[in-house]
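Peer 1: Which chain is which? The protein sequence lines are A and B, in order. Mapping to the working numbering: the first sequence position 207 is 207, numbers consecutive. Mapping to the working numbering: the second sequence position 63 is 63, numbers consecutive.
By construction, these hints were calculated from the structure, which means they are not laboratory data. Ideal placement from N, C-alpha and C gives every residue a C-beta, glycine not left out. It is possible that some hints are incorrect.
[What the hints assert, rightly or not] From chain A, some residues computed to sit far from chain B (all C-beta separations above 10 Å):
#1 L4
#2 Y20
#3 H46
#4 A49
#5 A52
#6 F62
#7 V69
#8 T139
#9 A146
#10 E161
#11 P171
#12 V178
#13 L253
[What the hints assert, rightly or not] Pair by pair, the computed Cβ-Cβ distance ranges are:
#14 B/L126 <-> A/E231: 43 to 51 Å
#15 A/A163 <-> B/T173: 37 to 45 Å
#16 B/N269 <-> A/K255: 49 to 57 Å
#17 B/L88 <-> A/P6: 36 to 44 Å
#18 A/L160 <-> B/L88: 24 to 32 Å
#19 A/I238 <-> B/S253: 29 to 37 Å
#20 A/P211 <-> B/V122: 28 to 36 Å
#21 A/I126 <-> B/V122: 45 to 53 Å
#22 A/L160 <-> B/N269: 26 to 34 Å
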Amino acid sequence: MRRLSPLNLAVLLTGIVFLYLPIVILVVFSFNASRLVAVWGGWSTHWYAVLAGDFALLDSAFISLRIAVISASAATILGTLAAVALVRFGRFRGRLLFAAMIYAPLVMPEVITGLSMLLLFVAISIDRGFWTVVIAHTTMAMCFVAVIVQSRLVDFDVSLEEAAMDLGASPARTFVAVTLPLILPAIAASWMLAFALSLDDLVIASFTTGPGATTLPIRIYSEVRLGVSPEMNAVCSIMIGVVGIAVIAASLLTKLGAARGTPARA
Amino acid sequence: MTERQAQRSFLAKLVVWVPYAWLVALFLVPFLIVVKISLSQTAIAQPPYTPVFHLASGWQGLRSFFAGLSLDNYAFLGTDPLYVLSYLKSVEIASFSTLLLLVIGYPIAYAVTRTPRRAQAVLMVLIILPFWTSFLIRIYAWMNILQHDGPLNQLLLALHIVREPPAWLSTNTAVYIGIVYSYLPFMVLPLYATLEKLDEQLLEAAADLGCPRWKTFWLVTLPLSAPGVLAGALLCFIPIVGEFVIPDLLGGSQTSMIGQTIWTEFFANKDWPTASAVAVVLVCLLVTPIVVFQHQTMRATERN
Numbered sequence: 001m002r003r004l005s006p007l008n009l010a011v012l013l014t015g016i017v018f019l020y021l022p023i024v025i026l027v028v029f030s031f032n033a034s035r036l037v038a039v040w041g042g043w044s045t046h047w048y049a050v051l052a053g054d055f056a057l058l059d060s061a062f063i064s065l066r067i068a069v070i071s072a073s074a075a076t077i078l079g080t081l082a083a084v085a086l087v088r089f090g091r092f093r094g095r096l097l098f099a100a101m102i103y104a105p106l107v108m109p110e111v112i113t114g115l116s117m118l119l120l121f122v123a124i125s126i127d128r129g130f131w132t133v134v135i136a137h138t139t140m141a142m143c144f145v146a147v148i149v150q151s152r153l154v155d156f157d158v159s160l161e162e163a164a165m166d167l168g169a170s171p172a173r174t175f176v177a178v179t180l181p182l183i184l185p186a187i188a189a190s191w192m193l194a195f196a197l198s199l200d201d202l203v204i205a206s207f208t209t210g211p212g213a214t215t216l217p218i219r220i221y222s223e224v225r226l227g228v229s230p231e232m233n234a235v236c237s238i239m240i241g242v243v244g245i246a247v248i249a250a251s252l253l254t255k256l257g258a259a260r261g262t263p264a265r266a
Numbered sequence: 001m002t003e004r005q006a007q008r009s010f011l012a013k014l015v016v017w018v019p020y021a022w023l024v025a026l027f028l029v030p031f032l033i034v035v036k037i038s039l040s041q042t043a044i045a046q047p048p049y050t051p052v053f054h055l056a057s058g059w060q061g062l063r064s065f066f067a068g069l070s071l072d073n074y075a076f077l078g079t080d081p082l083y084v085l086s087y088l089k090s091v092e093i094a095s096f097s098t099l100l101l102l103v104i105g106y107p108i109a110y111a112v113t114r115t116p117r118r119a120q121a122v123l124m125v126l127i128i129l130p131f132w133t134s135f136l137i138r139i140y141a142w143m144n145i146l147q148h149d150g151p152l153n154q155l156l157l158a159l160h161i162v163r164e165p166p167a168w169l170s171t172n173t174a175v176y177i178g179i180v181y182s183y184l185p186f187m188v189l190p191l192y193a194t195l196e197k198l199d200e201q202l203l204e205a206a207a208d209l210g211c212p213r214w215k216t217f218w219l220v221t222l223p224l225s226a227p228g229v230l231a232g233a234l235l236c237f238i239p240i241v242g243e244f245v246i247p248d249l250l251g252g253s254q255t256s257m258i259g260q261t262i263w264t265e266f267f268a269n270k271d272w273p274t275a276s277a278v279a280v281v282l283v284c285l286l287v288t289p290i291v292v293f294q295h296q297t298m299r300a301t302e303r304n
């Protein structure tokens, strides 16, 4: 019998409060009229107005968004290919190294990934900037994509693919007509994850960026190091809002996808 | 072989070789370059190390290139206590915070499995949701709370728990709070995944045979959730060892963690060979946990 004892309920509530309270406090303080962050001076949207005039910050936000869209798309394609290779191609030569290169970046400390990328770009004398960050983020994110898509590929019914091929569809056609629609929720979810990872990354971007490509996290980090400020509270609250809306939209989408996918599997 | 089959196998090769080549060129090769530079000497040049390998100089160039490599940087790491202390501190903080995460994450994951099915999905979304907001923002949120006249100290003063507001920022406590807060979803997720699959009948059987609840937990639930504990611990421990942002923003300046040391060597001291050597030693330190993690994930995905 499953039952929720008072102790378990208390654990859950404490856990949720611990996870959300800091974020709530941050958002509340972003509406503080006072310049002094810790003193409450009444509700105000003053700091948001200040932000709208901060062109350097807006510029960085735009750069970050572009990097995130491009690298998430590239990572989704490469990661999906990698997942298909891992799940559907059996034991091809070099599979062990391939799998190792998929799993290792998931836990590799970012400082090392960033450092090694930068040394590569220096060794082949590529000027660092926008595109080097895109390449670095693609490489990091494709491994996450591969793992997510792989888990979806593993648990779907292979007989659907076999049926398509028995009826004369080529493997490529089978993939597009049968496999792709079925793993689409996983692909959409991994694009979102890749996008979020890129938008979030400070360390790898710091190593691989160059002049003119200061991403939003790099800009925020350089400000935050100096201490807490009301403008930063406002920036962070906007980002929390954007992510919140995106995640809710994505979960609705996946729910839709799952609802559509279930009868097919049954 | 018909034309169509040839086409198929070409496409199939492409599916494997495109991501394969990408990872070799942008994950494996860069790491080998790090190893190579860790064997080089610092130089006031661009790039700031010697020897630099030129393909044009051919065989002779290759020989002088290898002659120019040395293990000096590694010897240097051993002699300077700065590095040794930095490694020790990283491992210490990572071990202790992984333990903390287990102690905090396990009851949460367990409590989630005790709720009705529908609630479980919602609860897991709630637990993972903060992970989607930026890492930097979550740490910044704690800078807000922990600052000298921040909400935490105001609360403690109002409740008369302390007379003087204690300093939270720039302490190890702040680093632990930041790490536990940031990594909690990584711990709860694998724990929940194993606990959720646990066969209820085993617990019922134990109860029928008169086993007290705590003993059932100790003898049945805990051993069966061992894979989740291992996965969660590795998923947290490995990245925490190399953590940079959390100790940099919340921690003090007494001893830095190894991620910070690499960062400073690289950006402030412009000592690329030493930074590379520090990185290589860090990977060697992490190689066992990384291999165990890889093995674990591969087995988990293949079992499904």
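Peer 1: For every hint, state whether the structure bears it out.
Peer 2: Going down the list of hints, with the structure as the test:
{"no.": "1", "hint": "L4", "verdict": "violated, 5 Å"}
{"no.": "2", "hint": "Y20", "verdict": "violated, 7 Å"}
{"no.": "3", "hint": "H46", "verdict": "holds, 18 Å"}
{"no.": "4", "hint": "A49", "verdict": "holds, 21 Å"}
{"no.": "5", "hint": "A52", "verdict": "holds, 19 Å"}
{"no.": "6", "hint": "F62", "verdict": "holds, 16 Å"}
{"no.": "7", "hint": "V69", "verdict": "holds, 17 Å"}
{"no.": "8", "hint": "T139", "verdict": "violated, 4 Å"}
{"no.": "9", "hint": "A146", "verdict": "violated, 8 Å"}
{"no.": "10", "hint": "E161", "verdict": "holds, 14 Å"}
{"no.": "11", "hint": "P171", "verdict": "violated, 6 Å"}
{"no.": "12", "hint": "V178", "verdict": "holds, 16 Å"}
{"no.": "13", "hint": "L253", "verdict": "holds, 13 Å"}
{"no.": "14", "hint": "B/L126 <-> A/E231: 43 to 51 Å", "verdict": "violated, 29 Å"}
{"no.": "15", "hint": "A/A163 <-> B/T173: 37 to 45 Å", "verdict": "violated, 60 Å"}
{"no.": "16", "hint": "B/N269 <-> A/K255: 49 to 57 Å", "verdict": "holds, 51 Å"}
{"no.": "17", "hint": "B/L88 <-> A/P6: 36 to 44 Å", "verdict": "holds, 42 Å"}
{"no.": "18", "hint": "A/L160 <-> B/L88: 24 to 32 Å", "verdict": "violated, 54 Å"}
{"no.": "19", "hint": "A/I238 <-> B/S253: 29 to 37 Å", "verdict": "holds, 31 Å"}
{"no.": "20", "hint": "A/P211 <-> B/V122: 28 to 36 Å", "verdict": "violated, 46 Å"}
{"no.": "21", "hint": "A/I126 <-> B/V122: 45 to 53 Å", "verdict": "holds, 46 Å"}
{"no.": "22", "hint": "A/L160 <-> B/N269: 26 to 34 Å", "verdict": "violated, 58 Å"}
Hint compliance for this structure: hints 1, 2, 8, 9, 11, 14, 15, 18, 20, 22 are broken, all remaining hints hold.
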